[in-house]
Each structure stands twice: as structure tokens, then as C-alpha cells.
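Please take these sequences and the hints and turn them into a complete structure.
Residue numbers (our numbering), protein chains in the order written: chain A, 1 to 73; chain D, 74 to 159.
Hints listed in this document are in silico derivations from the structure and should not be mistaken for laboratory results. In this text the structure is predicted, and so the values were computed from the model without any measurement. Idealized CB from N, CA, C, for every residue including glycine. Take these hints with a grain of salt, some might be off.
Straight-line alpha carbon distances no greater than 27 Å define the calculated DSSO-like cross-link-like pairs of lysine-lysine that follow [to be verified]: (1) D:K107 <-> D:K120; (2) D:K107 <-> A:K62; (3) A:K62 <-> D:K114.
According to the in silico footprint, chain A covers these stretches of chain D (three or more CB under 8 Å from chain A) [said to hold, decoys possible]: (4) 83 to 89; (5) 96 to 106.
Looking from chain A toward chain D, a few residues come up when the C-beta cut is under 7 Å (computed) [to be verified]: (6) W41; (7) P47; (8) L51.
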Amino acid sequence: MMNASTPFSSKGEGVTPRGTVDETCLAGAALAMVYSPPQVWGATYDPALGLERGTIFPELDKPWMEGDVCDDN
Amino acid sequence: MTTERARLLRQVQNHSFALNEAALYLDGHPDNQKARAYFDKQRELWKQAVADYEEAFGPLTQNSRASTASGAWSWADGPWPWEGEK
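See the structure below:
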């Protein structure tokens, strides 16, 4: 039985998620853990646009809200 | 608020926001030189924007030099934030 409690053991044999598209890439990755790739500094919005969009990073300007990120109407 | 005052204030806000964003990135990547150069640049632009605003419309903060630049305490002279267009 796989040891579900090992979050990401050093030997990397933690829980291998079954049925994922690319199981090799997530080999050893524990379930229910959040993984966030490090952000690399790249292009930024002009400050005026950044304030409007709520971020100066295009890669973080997500369309979660219908319309603008700060859709206040 | 007059359009000129709103324009100058918006400039302060734009650069202030960019500074906050760059600082958030630098918190996680303190050695990133590009981010640091961006922060330094925005800080200069922010300082200039504050100076431009205060020269025309008085101090933005109580501890700003502009609050005593004329000699007298001028902090209370300007319109309060909630006071609309006269």
C-alpha cells in the first residue's frame, strides 16, 4: 500500500498520482500539496495599466472576473 | 478634484502601485537584478510624481516637506480627501 503520508520524501518515492496525464513528471509528488512554479521576472505592464489591471505582471493578469480584474461596476 | 490634480495624483498612485508590486517580487527574489533595477527606477518616478503633485497642490502627507515648505503649517490648507470639487 503506498505510504500516503509521505509528502515528498527525499528518495522521491512518495505517492505517485494515478491516472495523471504525465505520471513521470509528477513522480513522487504527494497528493493535496500545492505546487507553484517560481515566477521569472519578465515584461511588465506600464504602471498606469498595471494599476488598472491590478498587477504589473502580464502573466498574473488572470481573467477570473468577467470583464476586468478590478471590475467595479 | 481638478483634472490636473487628479492627473498628478494618479501618477503618484501608478508608480506607488508599481513599487508595491516590484517589492512583492523582490521579497521572493531579493537578488534579481532586473527587478531591483525596476524598483529603483519606479522609486525615482514616484518621488518625482509626489514632488510634482505637492508643488502644485500642497502636501500629500503630513510629514512631507511640503507641509512646512512655505514656513507655515500648510497641511490643513488643502481640501480634505472627501471634499469634492468646489
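Against the structure, the hints come out as follows:
At most 27 Å may separate the alpha-carbon atoms for a hinted pair to count; K107 of chain D and K120 of chain D meet this at roughly 20 Å. With a C-alpha separation of about 23 Å, the suggested pairing of K107 of chain D with K62 of chain A holds against the 27 Å cut-off. Restraint check: the Cα-Cα separation between K62 of chain A and K114 of chain D comes to about 26 Å, which is no more than 27 Å; the hinted pair holds. Coverage of the region 83 to 89 of chain D by chain A holds. Counting CB-CB distances below 8 Å, 4 residues qualify, and the rule asks for three or more.
Figure legend: the region 96 to 106 of chain D, annotated as covered by chain A; annotation consistent (4 residues with Cβ-Cβ distances under 8 Å, at least 3 required). Using the Cβ-Cβ criterion of 7 Å, the hint placing W41 of chain A at the interface with chain D is satisfied: the shortest such distance is roughly 5 Å. Evaluation of the P47 of chain A hint against chain D yields a held restraint, the C-beta minimum of about 4 Å falling below 7 Å. For L51 of chain A, the shortest C-beta to C-beta distance to chain D is roughly 4 Å, which falls under 7 Å, so the interface hint holds.
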